[in-house]
Structure formats: C-alpha cells, structure tokens
Amino acid sequence: MATPGTMIAAVERSASEIDDLDTLVHLYWTRVFRFALASLRDPDAAGSVAQDCFLRAYRSREQFRGDCSIQSWLMRIAVNLIRDYARNRRLQFWKRASASAVDLEAVSQWIPDDDASPESRAMAREQLAAVWKAAGGLSERQRTVFLLRFVEDMDLLEIAAATGMKEGTVKLHLFRALQAVRERIGRSQ
Amino acid sequence: MSQHLSSQEISQWMIGERTPQQEQHVRQCSECGAELARLQAALALFRGSVRHCSGRQSRSEPSDIASILSVRRGPRIQPMRWALAAAALLVLAAVPIYRNAQDRQRQAEIARADTLLLEQVDAEVSRAVPRPMEPLVKLVSWDFSSTIQNEEIR
Chain Y
1 MATPGTMIAA VERSASEIDD LDTLVHLYWT RVFRFALASL RDPDAAGSVA QDCFLRAYRS
61 REQFRGDCSI QSWLMRIAVN LIRDYARNRR LQFWKRASAS AVDLEAVSQW IPDDDASPES
121 RAMAREQLAA VWKAAGGLSE RQRTVFLLRF VEDMDLLEIA AATGMKEGTV KLHLFRALQA
181 VRERIGRSQ
Chain D
1 MSQHLSSQEI SQWMIGERTP QQEQHVRQCS ECGAELARLQ AALALFRGSV RHCSGRQSRS
61 EPSDIASILS VRRGPRIQPM RWALAAAALL VLAAVPIYRN AQDRQRQAEI ARADTLLLEQ
121 VDAEVSRAVP RPMEPLVKLV SWDFSSTIQN EEIR
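For the protein sequence lines, the chains are Y and D, in the order given.
If you use this note's numbering, the first sequence corresponds to residues 1 to 189, in order.
If you use this note's numbering, the second sequence corresponds to residues 1 to 154, in order.
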C-alpha cells in the first residue's frame, strides 16, 4: 500500500496527474485547508477557500508547467484566494464576526499532553497565546510567509514560488514576522 | 565569537541565516541556546496548535469534490448569470421603446409646428389687404359710405 509520501512523490513526478482531481484533493486538502484556517481563522471561510482553490487549480491545470511543486502551485492559488477574501471581508468590517470564527482563547489553551509541570504548562500556554496574537497582528504578507514557513514547513524557495515574491523579500517578511513574534513572546513573560 | 546573539541575529538564525562562528557560539553559550530553544518551542507549539485546530475544524475531505464543487458553484453563479441575462434583455427591450417614444414626441412637435404655421398662413391669406394697409381700407370704407349718404340727401 502506498504511503502518503510515495503518493506525493508520484504526483510530483507528473504534472499530468493534476487531471486526477480526487487524488489531488486527497493529498493536499489538509494542508490547503489548514493554511486557509490559520490565515482567516474562520472554518467556513477556510472550507470555501480550499474548495475554490482546488476548483481553480483543476480548471487552470493546463497552465501548470511543472516549474514548481504542485504544493507550491496550490498554495499560490490559496494565497491569492485568501488575499481576495480578506480584502472583501475588510470592506464588510461593520459586519459582526462570524459565529463560527476560531476561538483564539480556546486555541491558545491547547497544549499537548505530556508530563510537564503545571508551571511549565502555564508558561507554554502564555507563549502559545502570544504567538497566536502576534500572528494575528502581522501584515498580510508577513503572516502568509510566517504560516507557510512555521506551520507548513515550506522552505524559502517554495514560499517564494507560492507567493510570487523574490527569495530576499520572503526573508525580509519572515524576519519582520519573527521579530514581532519574539517581541510579543517577550512581553508575555 | 564571544558576544551573545543579538535580537536580529536570533531572528536571522531562525530563518536559516547563520555563520559558522554563530553556530559555534550557540553550541557553547547556554544563554543563547536557551533563547533559541524557547523560540523554537513556541513556534512548535503554534504549529501543533494550528494543526490540532485544523484537524478539529476540518470538514472532512470531500469524497467527490467535482460534484460538490459543481453543486456549490451552481447556486452562486446561476442567479448571477440569470440576473445579467435579464438585465441585458431589459436594456435591449427598453432601447426601441425609448426610441419610439422619442420619435413620436418629435413627430408630434413637428405636427404642432406645422399646424401653427398653417393657421398663420390661413390668417394671412384670409385678409383682404395686408395688415399694414388695413387703416387705409378703413379710411376708404368710411369715405365711401359718407359719399352715398350725401347723394341720398341730395
């Protein structure tokens, strides 16, 4: 039975396999949804963006030339969709926040089960809350590269391909994002 | 390298930009090592938190995305298309009506002007003499009647 790793490798080998939408969705849905959720913090919006992402990818599959990985290509589509969604949402700032929005307080409380002391766990919770808050306060570009790097584990070149930025620009945004996160973590202590 | 890593150098380290001297320093300096470990741990917690949240919130991966997408797209796009088509039809239908109304109005104006002109012409034609000569006609009429009266008296 093929593992996800070998399946991804198989998809990467041949761009023509984009034609198999079901496989594409099976392999990349989680990542695209997760990235959208972390960016928008709204599960409904993240689900819509993920569906639109795969729909758009499928419709424009002829344009995929294989000069980047399928993941980078999908993330690039997702980045654009998220940007469009965020802009539209900004225009509707008077609307109440979505009822399904992610509860940051609850998310910040998440700490993996381990044998750490209560003090360590409390400190970890504070740090986690600080990172969530810092990520929320980043600029759109900083947040995008921050999430792609530290949540999706993409390297700088992949992020550059996914965002359409130059590698140096990615580094700059990542540097500023890290500075902001570190400052927030420092303040939380 | 004996100095601790600066704030900027720590962020650069996290991006992957580090010199051999900095690597050697971090290996030997517990303070810088602890600072980097703390930041890495916070980021790892964040990654885990996002993944946990995503796994909990995720609508399960669509089993047949093609049909789901077509269903989802359907109600969003169809009304818009119908609305556009209806608007286009309305515009197309309104143009001839508007033009007809304009034409009718123009023709009515022309007819009114024609009628006015004809009335003026009729008025002018029905005069025995031109309007400037009308006082003379009255004068001549008066003389003529008085002459007749004088002759009768005689």
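Since the hints were derived computationally from the structure, they do not count as laboratory data.
The C-beta atom is built at its ideal place from N, Cα and C for all residues, glycine as well.
One thing to keep in mind: the hints can contain errors.
[To be verified] Some chain D residues flagged as far from chain Y (calculated, every beta-carbon gap over 10 angstroms):
(1) H4
(2) S7
(3) M14
(4) I15
(5) E17
(6) P20
(7) C32
(8) A34
(9) L43
(10) S54
(11) R106
(12) E119
(13) R131
[As the list claims (entries may be wrong)] Where chain D lies over chain Y, by a calculated footprint (3+ residues, C-beta under 8 angstroms):
(14) 29-39
(15) 74-87
(16) 136-143
(17) 170-184
Consistency of the hints with the structure:
1. H4: D:H4 clear of chain Y: closest Cβ-Cβ about 14 angstroms, beyond 10 angstroms.
2. S7: violated (7 angstroms)
3. M14: violated (5 angstroms)
4. I15: Given a closest Cβ separation of 5 angstroms, the condition is violated.
5. E17: Incorrect as stated: the minimum Cβ-Cβ distance to chain Y is 7 angstroms, not above 10 angstroms.
6. P20: About 19 angstroms separates D:P20 from the closest Cβ of chain Y, which puts it past 10 angstroms; holds.
7. C32: D:C32 clear of chain Y: closest Cβ-Cβ about 13 angstroms, beyond 10 angstroms.
8. A34: Label holds. Min Cβ-Cβ 13 angstroms, cutoff 10 angstroms.
9. L43: violated (5 angstroms)
10. S54: violated (4 angstroms)
11. R106: At about 46 angstroms from chain Y, D:R106 clears the 10 angstroms cut-off, so the statement holds.
12. E119: About 64 angstroms separates D:E119 from the closest Cβ of chain Y, which puts it past 10 angstroms; holds.
13. R131: holds (74 angstroms)
14. 29-39: Holds: 6 residues of the stretch 29-39 of chain Y have a Cβ under 8 angstroms from chain D.
15. 74-87: Our answer is that it is violated, as 0 residues pass the Cβ test (under 8 angstroms) against chain D, missing three.
16. 136-143: violated (count 0)
17. 170-184: holds (count 7)
The earlier numbered hints that this structure contradicts are 2, 3, 4, 5, 9, 10, 15, 16.
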